[in-house]
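Trainee: Sequence:
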Amino acid sequence: MKLGVVSDTHDNLDYVEAAVAHFEAEDVDVVVHCGDIVSPFSATPFDADFEFHAVRGNNDGEWKLRGIVQSIGTYHDDFAHLTLDGQEIAVYHGTESGLVDALVDSETYDYVLRGHTHEKTLEYHGKTTHINPGGLPIPGADESFHVAVVDLGTGNVSFETL
Numbered sequence: 001m002k003l004g005v006v007s008d009t010h011d012n013l014d015y016v017e018a019a020v021a022h023f024e025a026e027d028v029d030v031v032v033h034c035g036d037i038v039s040p041f042s043a044t045p046f047d048a049d050f051e052f053h054a055v056r057g058n059n060d061g062e063w064k065l066r067g068i069v070q071s072i073g074t075y076h077d078d079f080a081h082l083t084l085d086g087q088e089i090a091v092y093h094g095t096e097s098g099l100v101d102a103l104v105d106s107e108t109y110d111y112v113l114r115g116h117t118h119e120k121t122l123e124y125h126g127k128t129t130h131i132n133p134g135g136l137p138i139p140g141a142d143e144s145f146h147v148a149v150v151d152l153g154t155g156n157v158s159f160e161t162l
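Residue numbers for the sequence shown follow full-length UniProt numbering, beginning at 1 and rising by one.
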């Protein structure tokens, strides 16, 4: 099973559409958005040929966002615990870095997926793989927009610059 991971798209439809196209080309089964979609219009492209999950980011204040995501997938509020292909996955936007560290350090999850920092991250801590795909390029963070694809069968994680 392949899992697509995206975060911090901040209403940039070019990046959203590029991410969706990449996930479709990679034939992913499930896509997780780690927060900061922002407005409902930028969630609708995720109505594609994969299962879709999203958590709330600190900029997701638009009250209609939940309804749009629920119409195409699952909106999990601040935190999601998913079990996919036998793997335990935590999804949190990442606003509180101490909470991210606790999720990773607990080794309760096979994967901890997060966003918020706009910096691509791939770290291994015991049995836990910590992934941040990055996000909309901002000063002081990544200069490019990335998404991640995780092969849950092999554990292989690849990043694509879009």
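Treat the hints as calculated values from the structure; they're not laboratory data. Keep in mind it's a predicted model, so treat the numbers as computed, not measured. Be aware that one or more of the hints could be misleading.
Label pairs and their in silico Cβ distance ranges [stated by the list, open to error]:
1) Ala141 <-> Gly98: 11 to 21 Å
2) Thr108 <-> Ser39: 32 to 42 Å
3) Pro45 <-> Asp78: 17 to 27 Å
4) Ser106 <-> Glu17: 31 to 41 Å
Distance condition first, Cα-Cα at most 30 Å in a straight line; then the derived DSS-like pairs of lysine-lysine [said to hold, decoys possible]:
5) Lys127 <-> Lys64
6) Lys127 <-> Lys2
7) Lys2 <-> Lys120
All C-beta atoms, glycine included, are put in the ideal place defined by N, C-alpha and C.
Trainee: Quick check on a hinted range of 32 to 42 Å for Thr108 and Ser39, using CB atoms only.
Mentor: Since the Cβ atoms of Thr108 and Ser39 sit about 33 Å apart, the hinted range of 32 to 42 Å holds.
Trainee: With a cut-off of 30 Å on the C-alpha distance, tell me whether Lys127 and Lys64 pass.
Mentor: Not satisfied, since the Cα-Cα distance of roughly 37 Å exceeds 30 Å.
Trainee: Assuming the hint says 17 to 27 Å, is it satisfied by the Cβ distance from Pro45 to Asp78 or not?
Mentor: holds (23 Å)
Trainee: Holds or violated: the 11 to 21 Å window for the beta-carbon distance between Ala141 and Gly98?
Mentor: For Gly98 against Ala141, whose Cβ atoms are near 20 Å apart, the range 11 to 21 Å holds.
Trainee: Check the hint pairing Lys2 with Lys120 against an upper bound of 30 Å on the C-alpha distance.
Mentor: Holds. Lys2 to Lys120 sits at ~19 Å (cutoff 30 Å).
Trainee: Measure nothing beyond the straight line between the CA atoms of Lys127 and Lys2; if it is 30 Å or shorter, mark the hint as holding.
Mentor: This hinted pair holds, its Cα atoms lying about 19 Å apart.
Trainee: Ser106 and Glu17, beta-carbon distance inside 31 to 41 Å?
Mentor: 36 Å Cβ-Cβ, so the 31 to 41 Å window holds.
The structure is inconsistent with hint 5 alone, although it conforms to all the rest.
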